[in-house]
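Engineer: Sequence lines, in order, name chains A and B. With the first letter of the first sequence counted as 1, position 42 gets the number 42 in UniProt numbering; the numbers rise by one all the way through. With the first letter of the second sequence counted as 1, position 63 gets the number 63 in UniProt numbering; the numbers rise by one all the way through.
The reader is advised that the hints may include incorrect statements.
To be verified - Covered by chain B, per the in silico footprint, the following chain A stretches (three or more residues, Cβ under 8 Å):
id : region
1  : 25-34
2  : 106-112
3  : 195-207
4  : 231-244
Since the hints were derived computationally from the structure, they do not count as laboratory data. Even for Gly, the Cβ is constructed at its ideal location relative to N, Cα and C.
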Amino acid sequence: MTGDTSRRSAAAAALRRVWGLVYRHLALFRRSWPRLLELMYWPILQMVVWGFVTAYLAGVQNDTAGIAAGMLLGGVLLWEVTLRSQMGFSISFLEEIWSRNLGHVFVSPLRPRELVAGLMAMSVIRVLIGVSPAVLLAWLLYHFGLFSMGPVVVAFFAALLVMGWAVALGVTSLILRYGAGAEALAWSVLFGLTPFSAVFYPVSVLPAWLHPVAYSLPSAHVFEGMRAALLDGTIAWGHLGAAFALDAFWMVVMAGVFMRQFEDARVRGALLNIGE
Amino acid sequence: MDRDADATPAILAEGLTKRYPGGTAAAVEGLSFRMPRGATWGLLGGNGAGKTTTIAMLLGLLVPSGGRIACLGHDMARDRFAALARMNFSSPYIALPSRISVAENLRVYAHLYDVPQAGRRIAELAAQLQLTDLLDRPAGQLSAGQKTRVALAKALINRPALLLLDEPTASLDPDTGDWVRSWLERYRAESGCAILLASHNMAEVERLCGHVLMMKQGRVVDQGSPADLLARYGRDDLEEVFLDIARGRGREEIPA
Chain A
1 MTGDTSRRSA AAAALRRVWG LVYRHLALFR RSWPRLLELM YWPILQMVVW
51 GFVTAYLAGV QNDTAGIAAG MLLGGVLLWE VTLRSQMGFS ISFLEEIWSR
101 NLGHVFVSPL RPRELVAGLM AMSVIRVLIG VSPAVLLAWL LYHFGLFSMG
151 PVVVAFFAAL LVMGWAVALG VTSLILRYGA GAEALAWSVL FGLTPFSAVF
201 YPVSVLPAWL HPVAYSLPSA HVFEGMRAAL LDGTIAWGHL GAAFALDAFW
251 MVVMAGVFMR QFEDARVRGA LLNIGE
Chain B
1 MDRDADATPA ILAEGLTKRY PGGTAAAVEG LSFRMPRGAT WGLLGGNGAG
51 KTTTIAMLLG LLVPSGGRIA CLGHDMARDR FAALARMNFS SPYIALPSRI
101 SVAENLRVYA HLYDVPQAGR RIAELAAQLQ LTDLLDRPAG QLSAGQKTRV
151 ALAKALINRP ALLLLDEPTA SLDPDTGDWV RSWLERYRAE SGCAILLASH
201 NMAEVERLCG HVLMMKQGRV VDQGSPADLL ARYGRDDLEE VFLDIARGRG
251 REEIPA
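Isolated chain B (complex conformation) (with noise of 0.2 Å):
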């Protein structure tokens, strides 16, 4: 775990605020959050809540229109190279080079990281993750379990400190799904890496998320554990809130 792992917290967004040239309204409006290091974060809402688009700010792929925001104490804006050599990203909705082999890919990325003694640590990813017998597969011809499974070794080649992981289980089946989600369990818990999650599957969220921010149209409209958050609607799971918050039902008008 880093030296000042304590001292500054994975995320700090402040009045973090999208719009995009040409657009009426704000894709984000004035978020702001305090990722601690370690945790584990959900990042939920609906299609259009502005997910996708705070993921890309805190990646430094969108330029933010007011606001700001420190990644493992780097400003973005100033200084983004320094977070993202110690941050890393995995989305099925983006894809690794599929005519070059697994390990290719992952060596590449190796580069790109500057990680030392890549050999080593593409080995060791592969042992964890059961990719070994995938090592020379051209990416392409994998199953959406085995892509899922290399594009986590890509995001875990440089032993990040921060994870943005966008819908890591989406397209698996059921079991694949919960193997990535003990796997991910079992990483943090080992690395001390923080991980902010973006996902629609609440059961998923509920499990792994010690903190959820439920968006909406752009702002943060609710945030807590999921325990505080399926007390305070008086619901059962995370899917019920969040139904309740996508249909602007209030708290007090949630039917017994």
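If we strip away everything but chain A, and leave its shape as in the complex, we get (with noise of 0.2 Å):
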């Protein structure tokens, strides 16, 4: 076999063992209906609550109804890509612990990078399933239109996606020192993100002590980027970049956090026990 042939061999491999991870993941969801419904239900009544306050505002200051509903319902859509994807990565770590399977799971040729990869697979599964009803009911109900933006949306959806990952990588790592103890952060740590994000307001609302904390967010930027886009109409491309930088920046330090638990794992025997 020549070097390429091996190289796609193996590539064809690492992407089938990541499929069969994702395979059971998908396969739960279609014996199960409540988890998709699940799914869907807090971006859905975050949308609707947020509509109302925006038409509760636009009546009080008509002349900025149209923009006060694109920043507000921009913010809710778009943070719950930045929740959905964090959850949606961390919950499917979980859902392996809660069935007792992480033990078949680390001693098949599953790599560590693949297992991450699988879980990416399921949280950008998990995201369009569950954010795409509620930005379909903005744009029905509120006549609010995600994509009004422009393709700059994609951006801003795959900085939040990448950060989301990030964040659960490290909230994965949590879960492999303490244990299944930890799995509460796996809904809460995001939202205390959530003030420093900038998502309703922009970063100089926020005392100048805390503008290095949100600007080390990818999340302020894309939500800097989105007003830009809204009030403007103009691409704040020094934000998108920097949301990048940093997702880069995050993602790297946090799979070092987590190979470095994964390791520390198998040295403690943790993954014997992991569900206890």
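Build the complex: two chains, separate frames, hints provided.
Structural biologist: Structure, rendered in structure tokens:
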């Protein structure tokens, strides 16, 4: 076998292993409609509540109605991308713990990087299932089209998706370190970043000493970019570039933390009883 | 059978030691053995003897504190995934996802082990292990015996050259347990697969294993074929040998 053929064959085998993990979660969805419903429930609820807030503000300050609607609903929908991305990754990992299946997964030839790739793929699927109905309803109920910002919304979406993965890698590392007792973080950790992410207000609203904290998060740059797109119709390339650079930085840091915790769990024997 | 079947042992353990961080005593200390291809060996010992720790190290779930393991010729510290692709494992204490069907479970593992023609392999195993009628049932709705057969199907999905079984007949009724033991005997004879079996069922070990490692407090305290051990301890069955070793009775102290 030539080197090229061997590499292609190894890549195909890696893809099949990743698909194996994704297939397991899709099979679970197929047999459990409440899981599907739960994915859509919260983003829709958030969108409806913020839609009414927007409608109320529109009644009070008629001239700013369109802008307020755009910024609030855009913020809600894009922030849901980050939340669902992080939860989609972390909860898919927790599903393996809850089903006490991790022992089988870790003694299979699935590499840790392939496990991460599978969880990322599940995260994308969960985001699309969870956020798409809310985006559609925002358009039907409030005439807010997320894509009215232009194609740049896809870049915003991608940057927030990657940020969700970085946070999820951190959460998964904590679960590897502290066991299933750390699972509450899978639902709560990203809410702690909301105030600094400038989802509904500009970073300038925050006290000056918090600006560096906000600007160390990809999300703050994305939402500054979103406001620029909605208010001025411009693409804030600086913010977009900073968001992706920070995504890359945090992914490298969190991947390092994850691999270190994974290897440490192999030393401590934590992979044997992580669900207990 | 593999082309290199006789060239390298199924398992080579040299001075294998495990001390858990913060622990005072070693869970496994200086374990060395060379298990040939195609053999069935038993790993015996009381609770806390180090069997689970040993199996976890052989599977790469646990990093040894010292020593070296090679499975099927692959060094587990440097090249464990190449070995894992040709090994498999079954334990009643590690479940398969209960909400998805038997067929879906087997398909997941067929993908994880990159099994070619997965559908055909699943049908073949289902026929051999009498699972065909259960393929569409959620794994969580099966009886203990059915779950054991599904776990075996999962463990054989990649036609392993080395199979590690942790108490394969635990919690099974005698009839089902006997069926599983007969099946394993036949499978090993036909496939040439090496089997390392940890069990508390001495009759099972006596029947299936050609060689037994007796562990106590993390060390191999005796080993040999069941017949050799019975002769050495002057006993009629392995359970008595096990009790002699567990209770620290030397061969010369055994009551007549």
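Engineer: In terms of beta carbon proximity below 8 Å, does the region 195-207 of chain A have 3 or more residues touching chain B?
Structural biologist: Contact hint for the region 195-207 of chain A vs chain B: violated, 0 residues under 8 Å.
Engineer: For the region 106-112 of chain A, do three or more residues have a beta carbon lying closer than 8 Å to a beta carbon of chain B?
Structural biologist: holds (count 6)
Engineer: Given as covered by chain B, does the region 231-244 of chain A meet the bar of three residues or more with CB within less than 8 Å?
Structural biologist: It is violated: at least three residues are needed, and the region 231-244 of chain A offers just 0 whose Cβ sits closer than 8 Å to chain B.
Engineer: Take the region 25-34 of chain A, compare each residue's beta carbon with every beta carbon of chain B, and decide whether three or more fall closer than 8 Å.
Structural biologist: holds (count 4)
Of the hints listed earlier, those the structure fails to meet are numbers 3, 4, in rising order.
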